[in-house]
Amino acid sequence: MSLGIEVDMSSPLMYGTPSSRVEGTPRSGVGGTPARQRPDLGSIRKAPQVDLHSDADGAVASEQALGQKLVIWGTDVNVGTCKEKFQRFLQRFIDPTSNEDENAGLDLNEPLYMQKLEEISVVGEPVLNVNCSHVQSFDADLYRQLISYPQEVIPTFDMAVNELFFERFPDSILEHQIQVRPYNALKTRNMRSLNPEDIDQMITISGMVIRTSQLIPEMQEAFFQCQVCAFSTRVEVDRGRIAEPAVCRNCNTTHSLALIHNRSAFSDKQMIKVQESPDDMPAGQTPHTTIVYAHNDLVDKVQPGDRINITGIYRAVPMRENPRQSNVKSVYKTHIDVIHFRKTDEKRLHGLDEDSDQKLFTEERVQILKELASKPDVYDRLSSALAPSIYEHEDIKKGILLQLFGGTRKDFSQTGRGNFRAEVNILLCGDPGTSKSQLLQYVFNLVPRGQYTSGKGSSAVGLTAYVMKDPETKQLVLQTGALVLSDNGICCIDEFDKMSDSTRSVLHEVMEQQTLSIAKAGIICQLNARTSVLAAANPVESQWNPKKTTIENIQLPHTLLSRFDLIFLMLDPQDEAYDRRLAHHLVALYYQSEEQIEEEFLDMAVLKDYIAYARTYINPRLNEEASQALIEAYVDMRKIGSGRGMVSAYPRQLESLIRLAEAHAKVRFSDKVETIDVEEAKRLQREALKQSATDPRTGFVDISILTTGMSATARKRKEEVAQALKKMIQSKGKTPAMKYQQLFDDLRGQSEAAITKDMFEEALRALADEDYLTVTGKTVRLL
Amino acid sequence: MPSSHDWINKPLGVVEAMFGKKTNAWKSTPFLCTYFCMFSFQVPSLNDVPLHYLKPNSLVKFRCLVQDMFDPEFYMGVYETVDPSTKANVLRCGKYKDVTECGVDLNSRNTVTAERQTFYCVPIPGESPWAKEISFLSAARVVPSTSYVPSRQKRSYEEDDDDMDTQPQKQREPHTEPHGNGDSKRQETEAPSSQTTTPSDCSSHLDLNFPLPGERGPACLVKVYEGLDSFKLNDTLEIYGILSVNPVLTVIVYPHRDPSLLLLNPTESMETPEEQRAHDPPASLVPRLHMLYARPLQHNNPLLPSAPTEDQSAFVSSFLVEMASVRAELLAYLTHVLLGDGLAAEYLLLHLISDVYTRRDVLPLGKFTLNLSGCPLNSYTERLYQIVQQLVPCSYRLSMSLHTMNSMRLVPKKDYVANRLVSGALQLARNTSLFLDETQLEQGQLDSSGVRNITALGNLISWQKVDYDFSYHQMEFPCNINVLVTSEGRSLLPSDCQVPLQPQVTPPNMEEYLTTIHMAQFTSQINKFRVYLSLARTLDYSISDEVTKAVEDDFVDMRKDDPQSVTAEDLHRMLVVARLLSLSLGQTTLSRDGWMRAKHIDMLRRSRTEQQKSLNGNEP
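Taken in order, these protein sequences are the chains called A and B.
Take 1 as the starting number for the first sequence in UniProt numbering and just add one per residue.
Take 1 as the starting number for the second sequence in UniProt numbering and just add one per residue.
What follows is a set of in silico ranges between Cβ atoms, one per label pair, in the way DEER data are often shown: (1) 543/A / 314/B: 52 to 60 Å; (2) 368/A / 53/B: 57 to 65 Å; (3) 231/A / 78/B: 41 to 49 Å; (4) 318/B / 363/A: 53 to 61 Å; (5) 85/B / 280/A: 48 to 56 Å; (6) 53/B / 200/A: 43 to 51 Å; (7) 577/A / 542/B: 21 to 29 Å.
No lab work stands behind these hints: they were computed from the structure.
Just so you know, even glycine gets a beta-carbon here, dropped at the ideal spot from N, CA and C.
Required output: the full structure, derived from the provided sequences and hints.
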């Protein structure tokens with residue numbers, strides 16, 4: 001909404017020849033393209049040293065003559081050198097290792113920014129985003145100048161870019177001259193660390209938008225007209241004030257000039273409040289907020305709730321409460337004039353964003369982590385560091401540890417199979433009071449993107465997403481629930497068994513396809529929910545019944561259960577040695593001092609970093625031996641069952657075996673999945689199966705309990721009953737109809753084993769499926 | 001070295017003089033600490049003395065809770081002005097000031113920008129009337145710097161009365177009858193206090209954001225200059241600082257601001273009127289306090305020396321001698337109060353001295369939430385609360401009626417429009433006794449906010465944390481609150497330990513009975529109890545290896561007999577009981593005897609709950 005850009009020649013920002021826009025006439029070249037004011041940089045006139053500046057400006061023009069000595073007042077920036085350096089940067093900078101998605105489609109071995117300029121000439125969007133870390137690696141001194149004097153250096157950059165651009169593409173037509181938008185200044189990362197030294201410097205901070213104001217038209221230039229002689233004059237706004245000319249220069253009448261709003265120049269401005277992101281905050285303090293001003297095309301680029309990286313210039317303005325009072329409040333108002341926005345969570349909903357996850361590790365930290373990784377017992381160390389207050393359950397902790405690391409993400413969408421799930425899902429079931437919740441709480445506190453919900457308290461909507469009408473804008477807004485929020489993290493669900501069926505059903509999609517489909521109030525979309533699920537369930541009868549199968553104990557649909565890679569039972573083992581160790585552990589918990597505990601276990605922060613590092617940088621792949629070992633393992637598992645006429649493993653088990661092996665390799669910081677990883681994955685899976693998929697009737701491990709909800713022996717018996725019933729009916733001869741109750745009594749009398757009504761009905765249903773008979777009410781008819 | 005008189009009356013002069021001399025010695029905190037402790041009793045307290053009696057720019061102290069932390073602000077640490085008489089440029093120190101002197105040269109190169117932060121502080125929520133009264137009396141002894149004569153006795157009592165306002169209306173009926181709460185002092189002053197007019201009614205127009213409803217007292221904007229990272233939300237502090245009530249600070253919020261004014265001064269437009277009201281309230285209501293020194297408070301019991309000095313250790317060792325006898329007296333007193341139930345009294349005593357002394361990852365250790373079930377109805381719980389309130393320095397009774405659960409805000413919530421943390425009833429100082437009265441709960445529908453409130457209470461009890469609502473995300477704040485739940489049957493909230501009350505006596509008139517018990521206690525006696533409860537909590541505690549071994553053996557044996565009945569959770573509880581039991585006797589290590597006693601009373605309690613179960617049949 002830039003109303004009539006009339007360029008003030010005297011402003012040092014306005015390089016090039018201002019040309020009033022002539023519609024319809026083709027224009028090109030630096031001279032032909034109008035410059036656009038950059039309120040984000042602020043008018044240099046705001047500084048008290050205006051005159052000196054124009055001096056410097058003059059120097060720029062005659063620079064060749066005077067040599068390279070002159071610098072902009074108050075800085076060490078020489079415009080000529082700076083321009084030259086930047087042009088060299090643009091022409092030469094190559095970043096072969098770039099993996100930014102912005103650079104997708106660009107040839108990494110060619111100068112990066114020249115390609116971007118080419119893009120500008122094609123697309124016609126006159127904005128060049130420059131990564132400051134590139135500038136830094138290319139020319140550290142230039143980078144320092146950029147950070148320290150952005151107000152002076154960025155216009156120089158603009159100048160350099162435009163010269164270069166129009167030299168190369170003399171015929172392109174742009175809306176206005178190209179503006180350089182640097183981002184990713186490394187100076188400041190955290191809002192909390194902003195301090196008075198950062199004033200007027202370029203900074204990058206991350207945070208979350210909490211409020212945006214309406215559009216504010218900010219006057220850039222006031223237009224005055226003399227009431228007497230109609231002579232007009234323009235006055236630039238200086239520090240929010242307009243110096244109204246007292247005397248008309250033309251007719252010398254005093255106080256005859258009136259402000260004409262319609263012909264004054266305005267620019268768009270928006271106030272945005274940003275709050276520091278929760279991860280950056282020290283515990284026990286409230287988050288800080290900062291005011292950010294967006295100008296021109298950056299207005300309305302962000303919405304409340306967005307997580308963004310802001311690059312801008314930090315400003316402090318003294319507060320004058322009342323112009324009539326001489327006393328001033330000794331406080332400055334601070335804000336950031338934004339130059340560049342970068343949303344960090346935008347892509348999380350649609351694709352993988354490595355950038356936002358990339359935590360910066362210092363060299364020493366990486367060294368510590370690598371040292372830790374090289375220890376042979378790192379796996380045991382880490383697992384024992386996990387929730388040290390919870391006693392034993394070593395295998396469960398190991399399982400959760402592998403879950404925290406996760407498998408390698410594989411993309412088969414090219415071949416039509418879609419993404420393979422890399423996340424490990426774990427279900428804990430067991431007696432109440434076996435610290436399941438505590439384990440969940442711990443995990444929730446450990447991972448950066450963890451969510452904790454309770455089955456009883458969450459609805460399907462709360463887990464997935466819901467559409468809400470914003471009371472102010474009447475706009476439909478998609479509010480994401482726990483599962484979407486924990487994308488790339490872990491969703492901890494307590495009291496899984498108490499969850500309503502409809503709620504649980506949304507988990508089906510999430511736990512295998514890792515997406516969430518929503519069709520609500522006119523919004524149809526598919527959101528990513530690549531979350532690991534860590535669930536805890538209590539047995540239905542409050543105490544685990546060892547005589548029953550897992551399914552019977554927790555009454556969860558087997559379709560859901562089969563999506564868990566590992567199902568652990570947390571039972572009270574009830575043996576003396578265990579009791580003693582438990583007692584020792586608990587008592588120690590109560591009297592050991594903080595230091596003693598820390599000596600024994602890893603620091604939680606180290607563990608956190610370790611996991612974050614492994615998740616970001618380590619992507620193990622299977623090596624030949626490991627694949628062989630996996631094949632063998634799978635075949636073995638199938639063999640065990642086939643001996644007894646049942647299936648003991650499904651491809652899902654193989655997949656989860658691969659995931660676990662990969663996760664274990666990640667724990668070792670290894671890029672290759674080796675045999676030992678497979679061994680451990682096998683062991684862990686076996687342990688979990690031994691606990692959860694043991695048929696209480698036979699004592700064998702039977703995977704079909706989890707996949708079909710019924711053990712093979714139970715199914716066999718069902719068939720036997722059906723056959724016995726059929727035989728009995730056949731022996732009765734040709735009776736087309738029978739009484740239901742009588743048939744039941746007969747069967748019970750005939751059979752040696754006890755037959756319940758359920759079994760009888762199941763048998764009837766089986767026979768009905770064979771089209772042998774039909775059941776109508778209380779009579780059974782043969783067909 | 002400036003005298004204490006200078007510090008109290010002209011602290012800014014002292015600072016200015018030191019700025020001139022460029023001495024930084026006074027900046028060191030330990031120095032200030034000892035220095036202020038020396039004459040702390042001379043410093044008037046904002047808690048006791050009404051604001052209009054205090055001199056602006058004098059040294060005051062304030063006992064408070066950090067309710068909210070505002071954004072850091074930059075101010076002119078050093079600025080240049082022109083001396084009107086000599087016309088020379090003078091450098092001035094801007095620290096500890098809100099407003100600069102006239103004629104600041106904004107463009108001076110000597111200006112030093114510095115950073116400070118503002119905390120919004122409120123008086124400690126739920127502070128018991130007696131604690132206020134005692135600290136008031138001790139402070140009123142010497143108030144040299146104010147023209148204020150302690151004729152204000154009345155107001156202090158009136159504040160007591162305000163606390164009663166927090167209780168639902170229907171409970172006021174018995175209250176107007178011959179006074180039953182037994183505080184003899186209160187009875188004497190009840191009549192005159194009702195005559196005094198309510199001071200400063202205007203505070204009601206401005207929401208001062210107190211965590212608990214019906215609270216009174218000055219809220220304060222504290223400007224913090226040093227050690228910003230050492231302060232946390234909900235810390236209780238005693239702040240020594242320079243009072244600033246300059247009327248310039250008051251921003252007049254015009255509802256219909258001239259839009260052209262807004263255009264011309266864009267810096268003004270960034271704040272909404274709500275935000276301005278929250279951040280720049282009138283200085284006459286919310287004074288500014290420039291912190292010189294803050295002392296974190298371990299407790300707010302005025303009967304106990306608060307600073308960890310030699311003074312305190314002497315006090316502790318002298319009190320330890322009579323610990324056991326005081327305990328016996330207190331136990332007898334509580335037994336009477338709990339209608340002759342000695343076991344319940346024992347548990348109540350343990351509960352009152354419990355404290356989350358550390359956390360192991362997510363697990364808070366030392367918490368001891370007590371559920372007193374089987375409480376007689378008809379205002380017994382209310383009386384019980386009044387007695388608890390007389391014993392502890394900080395307490396709050398939350399009557400869990402359907403209406404309060406559905407309508408009350410328990411969890412603090414960030415208000416982004418006003419940019420402040422709107423407080424809730426669970427924003428409490430450490431070791432506050434939260435009395436949850438479940439006997440008030442009737443059947444009915446809980447709405448969504450009610451469910452949230454119940455969940456928040458459950459989280460508080462199990463994890464000792466409150467998840468503050470930041471709208472886009474939640475933030476977890478650890479807390480340390482002693483929760484006591486009174487209920488008819490077993491409470492619907494989780495608890496560490498449930499004790500069914502077994503009244504041995506059934507007084508025909510409960511009111512009268514409790515009043516008589518209360519009346520029988522002398523103030524000196526009650527004061528002893530108060531000291532005892534606060535002191536027992538602060539003692540150190542350890543377990544020797546030998547006893548550890550014994551405990552382990554014991555646990556294994558118990559499990560051998562009946563693995564179903566003794567679980568890890570029971571061991572957790574018994575360890576806490578043993579700890580509290582030892583501390584209550586003034587023993588700082590666990591003895592074998594102590595362990596056996598803990599086991600014994602836990603056994604008694606369990607048999608009682610078993611009994612209850614079999615009586616009620618199918619209770620889970």
